[in-house]
Amino acid sequence: MTTLHATWRSALSLAAACVIAGHAAGAQAPDLPAAPRNAPQDSGALRVQVQGTLTDAQKNDATLESATKSVASQLRCPVCQGLSIQDSPSELSQQMRTVVKEQLASGKSQQQVKDYFISKYGEWILLEPQAHGFNVLVYALPALLVIGGAIFIVVIVKKWTAAAPATSGSAASSDDDAD
Amino acid sequence: MNWKRAWIAAAAAAPVIGLFAWGLTRDPNNIPSPLPGRQAPPFALAVFSPGQAGLARPVGDTVRLADLKGKVVVLNFWASWCLACRDEHASLSQVAATYEGQPVQFLGVLYNDVPDKGLGWISEMGGQSYPSVDDPGARVAIDYGLYGVPETFFLDATGRVAFKNTGPVTPGMVRLKVDSLIAAAQASAPAAAPAAPSGDTAVPATKGGKAQ
Chain A
1 MTTLHATWRS ALSLAAACVI AGHAAGAQAP DLPAAPRNAP QDSGALRVQV QGTLTDAQKN
61 DATLESATKS VASQLRCPVC QGLSIQDSPS ELSQQMRTVV KEQLASGKSQ QQVKDYFISK
121 YGEWILLEPQ AHGFNVLVYA LPALLVIGGA IFIVVIVKKW TAAAPATSGS AASSDDDAD
Chain B
180 MNWKRAWIAA AAAAPVIGLF AWGLTRDPNN IPSPLPGRQA PPFALAVFSP GQAGLARPVG
240 DTVRLADLKG KVVVLNFWAS WCLACRDEHA SLSQVAATYE GQPVQFLGVL YNDVPDKGLG
300 WISEMGGQSY PSVDDPGARV AIDYGLYGVP ETFFLDATGR VAFKNTGPVT PGMVRLKVDS
360 LIAAAQASAP AAAPAAPSGD TAVPATKGGK AQ
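Line by line, the protein sequences give chains A and B. Each residue of the first sequence is one higher than the one before, counting from 1 in the numbering used here. Each residue of the second sequence is one higher than the one before, counting from 180 in the numbering used here.
Hints in this document: simulated from the structure, not taken from any laboratory. For glycine and all other residues, C-beta sits at the position ideal for the given N, C-alpha and C. The reader is advised that the hints may include incorrect statements.
To be verified - Calculated cross-link-like contacts (lysine-lysine; reagent style DSSO-like; alpha-carbon spacing at most 30 Å):
#1 B/LYS343 x A/LYS108
#2 B/LYS343 x A/LYS159
#3 A/LYS114 x B/LYS183
#4 B/LYS183 x A/LYS158
#5 B/LYS248 x B/LYS183
#6 A/LYS59 x A/LYS114
#7 A/LYS69 x A/LYS114
Claimed, not checked - Pairwise CB distance ranges (calculated):
#8 A/SER119 x B/VAL293: 28 to 36 Å
#9 B/ARG205 x A/SER119: 20 to 28 Å
#10 B/ILE196 x A/GLU123: 20 to 28 Å
#11 A/GLU128 x B/GLY202: 28 to 36 Å
#12 A/ASP87 x B/GLN273: 37 to 45 Å
#13 A/VAL157 x B/PRO215: 21 to 29 Å
#14 B/THR349 x A/SER119: 23 to 31 Å
#15 B/LEU203 x A/GLU128: 19 to 27 Å
#16 A/ASP87 x B/ARG354: 19 to 27 Å
#17 B/TRP186 x A/ASP87: 43 to 51 Å
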């Protein structure tokens, strides 16, 4: 069942890749059997022609551009304060964006490109910490605090509502006593 | 009752205060590099400043890390617009000159700068004993996880990053690192090392086996 599902999914993504790639290939080669030989499954439209340098087609490739944006906005600019390399105008950020784009164009997946930068700069280069080890606290703590706060409020309110009738009852009885 | 509340409040506040206190002990500018201990990223860069005397390499010559196996490599990233680079320049240049004839390669790597400005800076600073290469597009800088300049990488004879220094180096520190790396190289290759400087071809073979 799962294998069938996986097969369907890969077939679908391949079909999507063909459609997008065929679309990208545009007027020059409409009859091209557009199954890209070494395109990765997760970003089908990225076709590999040249390693290292970008062709004119790649420079204008909208899919490549959006994938580059997506990766670049997750990477921290090393010479800025809290800016991604997508948002930073610094020279190093521009150069890093070029590296991102070239690596994506060479067929690497977005995760592989991120892993490259992590291997050079450490996990610090990610604007959002990855959810493993000590970092899990960052994601778990807010949820735990909300749940804990809700439980606290429920308990306190129950205590109050339980206490209130008793005090009003005693007040009433004392009133009765006074009368 | 009030004491109980005070204790609960204190117990809740303690971890937060502890976390902040721990944060104060850390230097936010000191970002640990994952590179030390790993194989240095390869590079092939063209010389734009030849260096002096025995350390010189012709302008336009391509320096490849792969060709430097068997030598300790000191890779100093610098730029003419970098103020801190001025602080370390004279001492680095002098220390490098004292290692002439030894299995050490000092190499300047120009970072986000124009070679002409780099040359102007070198002559203004009174020369540079070792050669400098240009790094167009900061490819090698990014490969080395560079944050800024100056940063200096000390590679051992097997091509592994042994140590990284952020900011200006001091002559004593450079000597200490280079001497220890030369000693380590000679200790690990007792047969091949003292033979000849042209023994480069023999050394990588033994080192390659050791590195795996």
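The hints, checked one at a time:
A threshold of 30 Å between alpha carbons decides the hint, and for B/LYS343 with A/LYS108 the separation of about 29 Å falls inside it, so the pair holds. At roughly 60 Å between alpha-carbon atoms, B/LYS343 and A/LYS159 are farther apart than 30 Å, so this suggested pair is violated. In summary, the hint linking A/LYS114 to B/LYS183 is not supported, as the alpha carbons are separated by about 50 Å, beyond the 30 Å threshold. Distance hint between B/LYS183 and A/LYS158 is fulfilled; the C-alpha atoms sit about 20 Å from each other, no more than 30 Å.
A distance of roughly 68 Å separates the Cα atoms of B/LYS248 and B/LYS183; the hinted pair therefore is violated under the 30 Å criterion. Taken as a hint, the A/LYS59 and A/LYS114 pair is honoured in the structure, with Cα atoms around 20 Å apart against an allowance of 30 Å. Proximity of A/LYS69 to A/LYS114 is assessed by CA-CA distance (about 12 Å); at most 30 Å being required, the pair is judged to hold. In this structure the hint that A/SER119 and B/VAL293 lie 28 to 36 Å apart at CB holds, the actual value being about 30 Å.
Evaluation of the 20 to 28 Å hint for B/ARG205 and A/SER119 yields a pass: the beta carbon distance comes to about 23 Å. At about 26 Å, the CB distance of B/ILE196 to A/GLU123 agrees with the hint of 20 to 28 Å. Here the CB-CB span from A/GLU128 to B/GLY202 is close to 19 Å, at odds with the stated 28 to 36 Å. A C-beta distance of roughly 42 Å is found between A/ASP87 and B/GLN273, which places it inside the suggested range of 37 to 45 Å.
Take A/VAL157 and B/PRO215: their Cβ atoms lie about 56 Å apart, and the range 21 to 29 Å is violated. At about 29 Å, the beta-carbon gap between B/THR349 and A/SER119 stays in the expected band of 23 to 31 Å. Distance hint check: the CB atoms of B/LEU203 and A/GLU128 are about 24 Å apart, consistent with the given range 19 to 27 Å. Between A/ASP87 and B/ARG354, the C-beta spacing of about 43 Å breaks the proposed range 19 to 27 Å.
The hint said 43 to 51 Å for the Cβ distance between B/TRP186 and A/ASP87, and at roughly 46 Å that hint holds.
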